[in-house]
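K.L.:
Sequence:
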Amino acid sequence: MAMNSGIVSDLRADWWRRCGLIMFGVCVSVLCYLLPLLSMSSGSDSCSLSFTGIAFPGEMSEKQKISVHLISHCCLGEMVEVLEISQTAEFEEENPEFWRSSAQNTLRSALSRNLNTNVAKNVVLFLGDGMGVTTITAARILKGQLQNRSGEETVMNMDTFPHVGLAKVYTVNFQIPDSAATATAYLCGVKTNLNTLGVSAAARTGVCRTQKGNEVTSILKWAKDAGKSVGIVTTTRVQHATPAASYAHSVSRTWYSDADLPSSAVTDGCVDIASQLLRNTDIDVIIGGGRKYMTPKGFPDPEYPTDLSAQGQRKDNRNLIDEWLSMKEGKVARYVWNKTEFDAVDPAKTDYLMALFEPGDLRFDVERDPSMDPSISETTEKAIQILKKNPNGFFLLVEGGRIDQGHHDSRASMALHEAVALDDAVARGLALTNEEETLTIVTADHSHAFTFNGYPFRGNSILGKSPLFATDLLPYTTLMYGNGPGHKITDNKRPDIRDVDTTADDYVQQSAVPLDSETHGGEDVALFARGPMAHLFQGVYEQNYIAHAMAYASCVGTNQEHCAATAPPEKIPFTSTDVGGSAPDTPLCTMMTLMLSVLMSVLLH
Numbered sequence: 001m002a003m004n005s006g007i008v009s010d011l012r013a014d015w016w017r018r019c020g021l022i023m024f025g026v027c028v029s030v031l032c033y034l035l036p037l038l039s040m041s042s043g044s045d046s047c048s049l050s051f052t053g054i055a056f057p058g059e060m061s062e063k064q065k066i067s068v069h070l071i072s073h074c075c076l077g078e079m080v081e082v083l084e085i086s087q088t089a090e091f092e093e094e095n096p097e098f099w100r101s102s103a104q105n106t107l108r109s110a111l112s113r114n115l116n117t118n119v120a121k122n123v124v125l126f127l128g129d130g131m132g133v134t135t136i137t138a139a140r141i142l143k144g145q146l147q148n149r150s151g152e153e154t155v156m157n158m159d160t161f162p163h164v165g166l167a168k169v170y171t172v173n174f175q176i177p178d179s180a181a182t183a184t185a186y187l188c189g190v191k192t193n194l195n196t197l198g199v200s201a202a203a204r205t206g207v208c209r210t211q212k213g214n215e216v217t218s219i220l221k222w223a224k225d226a227g228k229s230v231g232i233v234t235t236t237r238v239q240h241a242t243p244a245a246s247y248a249h250s251v252s253r254t255w256y257s258d259a260d261l262p263s264s265a266v267t268d269g270c271v272d273i274a275s276q277l278l279r280n281t282d283i284d285v286i287i288g289g290g291r292k293y294m295t296p297k298g299f300p301d302p303e304y305p306t307d308l309s310a311q312g313q314r315k316d317n318r319n320l321i322d323e324w325l326s327m328k329e330g331k332v333a334r335y336v337w338n339k340t341e342f343d344a345v346d347p348a349k350t351d352y353l354m355a356l357f358e359p360g361d362l363r364f365d366v367e368r369d370p371s372m373d374p375s376i377s378e379t380t381e382k383a384i385q386i387l388k389k390n391p392n393g394f395f396l397l398v399e400g401g402r403i404d405q406g407h408h409d410s411r412a413s414m415a416l417h418e419a420v421a422l423d424d425a426v427a428r429g430l431a432l433t434n435e436e437e438t439l440t441i442v443t444a445d446h447s448h449a450f451t452f453n454g455y456p457f458r459g460n461s462i463l464g465k466s467p468l469f470a471t472d473l474l475p476y477t478t479l480m481y482g483n484g485p486g487h488k489i490t491d492n493k494r495p496d497i498r499d500v501d502t503t504a505d506d507y508v509q510q511s512a513v514p515l516d517s518e519t520h521g522g523e524d525v526a527l528f529a530r531g532p533m534a535h536l537f538q539g540v541y542e543q544n545y546i547a548h549a550m551a552y553a554s555c556v557g558t559n560q561e562h563c564a565a566t567a568p569p570e571k572i573p574f575t576s577t578d579v580g581g582s583a584p585d586t587p588l589c590t591m592m593t594l595m596l597s598v599l600m601s602v603l604l605h
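With the UniProt record's numbering, the residue at position 434 of the sequence shown is 434, and numbering never jumps.
A couple of the hints might just be wrong.
Claimed, not checked - In silico lysine-lysine, DSSO-like type, Cα no more than 30 Å apart, as pairs:
no.: 1; residue 1: Lys328; residue 2: Lys315
no.: 2; residue 1: Lys339; residue 2: Lys389
no.: 3; residue 1: Lys328; residue 2: Lys339
no.: 4; residue 1: Lys212; residue 2: Lys168
no.: 5; residue 1: Lys349; residue 2: Lys331
no.: 6; residue 1: Lys297; residue 2: Lys339
The set of hints was computed from the structure by calculation and includes no laboratory data.
Using the sequences and the hints given, assemble the complete structure.
P.N.:
Here you go:
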């Protein structure tokens with residue numbers, strides 16, 4: 001009897017312990033449901049609960065402790081959002097026919113695809129600087145979540161491109177590249193050394209005397225020589241690495257103006273990048289930033305006249321903007337520096353356009369003043385409208401350059417919003433061109449030390465935290481960096497971010513290794529292609545192959561034997577892989593049920 005009494009006593013204690021935990025979970029669930037609503041009305045971005053002083057009958061198992069951590073994390077607002085969206089798993093995604101039907105739709109799309117072997121009259125190259133595969137995935141989720149969806153099932157505009165490949169990005173002398181060397185590869189068709197642009201690997205970084213005779217030209221020049229119109233659009237300064245490789249030759253990517261040239265470079269006859277913007281290739285459309293590299297030292301900036309850092313930097317006292325305008329005599333050439341002037345430019349009546357919206361790089365898209373600076377979609381549209389008037393076609397480079405800079409700062413929110421903005425520009429480009437005659441490519445120059453980790457629930461904010469804490473009993477974000485400025489250890493502990501809004505634009509993600517600026521990554525980057533000869537970009541290839549394939553498709557440069565005999569393309573249907581979102585807008589009504597289901601599952605099993 002004594003033994004039986006002990007068993008009954010243990011069973012009762014266990015029963016009360018379980019009941020206590022369940023009731024605690026119910027209470028927390030209700031609070032987690034109500035507090036975010038209350039915080040929204042009070043202007044607060046997050047809420048928190050203190051578990052100090054709460055006692056449970058008996059000891060909690062490790063699984064139960066984890067459950068409490070998970071519950072407490074909910075009170076930061078994460079779990080509420082996650083479980084609201086996760087309810088859709090009860091519906092169509094739990095039905096095998098949903099996935100079978102989705103796969104069959106994609107299969108039919110692939111089977112109905114015909115190769116477009118036409119000559120590409122136009123080529124539009126969208127370049128996401130630093131837009132590695134992890135960035136694309138995270139940006140896809142963010143784009144969906146900005147539309148109040150779960151995010152994972154979202155289809156980016158670039159995702160609809162039927163032909164996908166991988167480019168190897170190493171340079172001649174480094175495993176992990178920079179934007180100058182990679183731009184030389186995919187624009188000029190030649191791999192080179194780190195920090196050099198428009199020159200072969202025979203040139204040495206920073207050594208001017210090795211530059212002469214080792215210059216290489218780009219597809220932008222090949223297209224211009226073939227009678228096409230050409231343009232560059234960027235969210236950085238137009239003298240930055242990516243656009244500069246299309247027109248300049250420099251053993252140093254940082255020689256933006258003559259003030260940046262060392263005395264040895266001046267002696268040996270090297271020319272700054274801004275000067276080469278005018279003298280090397282007759283570019284029809286130039287859009288980006290970089291005013292201060294075009295004007296004399298001390299020249300006041302029109303937008304920031306009292307800001308000394310925005311003043312002109314040139315030591316040779318030249319005003320390259322005025323020189324550019326004078327070179328276009330007999331043509332309709334416009335220079336603008338703000339959105340009002342930009343909007344007033346009539347593409348039908350404009351032959352040349354130079355638009356420089358900032359002294360240096362443009363602002364991040366989320367910080368952009370729409371009344372002063374146009375979006376990358378708007379600048380892409382204006383460029384295409386001007387360039388497409390040429391009956392011979394055009395080549396346009398569009399760079400989302402600040403994706404890279406957001407990553408260097410370890411500000412994932414900034415980087416991802418820039419990637420979403422670039423994808424919106426892709427849609428604008430597709431709408432303004434004809435797929436039968438326009439080859440459109442989306443790719444990156446390199447990636448970053450950027451990770452998407454943990455086990456977040458479906459629909460978890462891509463900028464949020466993992467629902468389970470680390471072994472140090474502290475939360476961590478699902479997006480992190482291998483190195484960068486986010487490495488902060490105090491008293492041998494990581495920062496406690498339970499009360500930190502990690503979705504904020506200025507939040508700096510944690511990193512494993514301390515660096516002032518996060519580094520690039522060295523893995524292959526994805527390339528998406530559609531239009532004439534897009535099938536040439538399937539597979540895995542060296543990054544310099546891209547320039548040669550674009551030239552072959554558009555019949556510019558060398559290797560044009562096939563051009564006269566190229567047959568017109570067969571009709572190509574639109575091949576979107578979007579089979580409909582599996583997690584549309586979701587009401588709050590079933591959140592409590594889901595929360596209790598999770599708690600019961602963890603606590604009772």
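K.L.:
Against the structure shown, which of the earlier numbered hints fail to hold, in ascending order?
P.N.:
none
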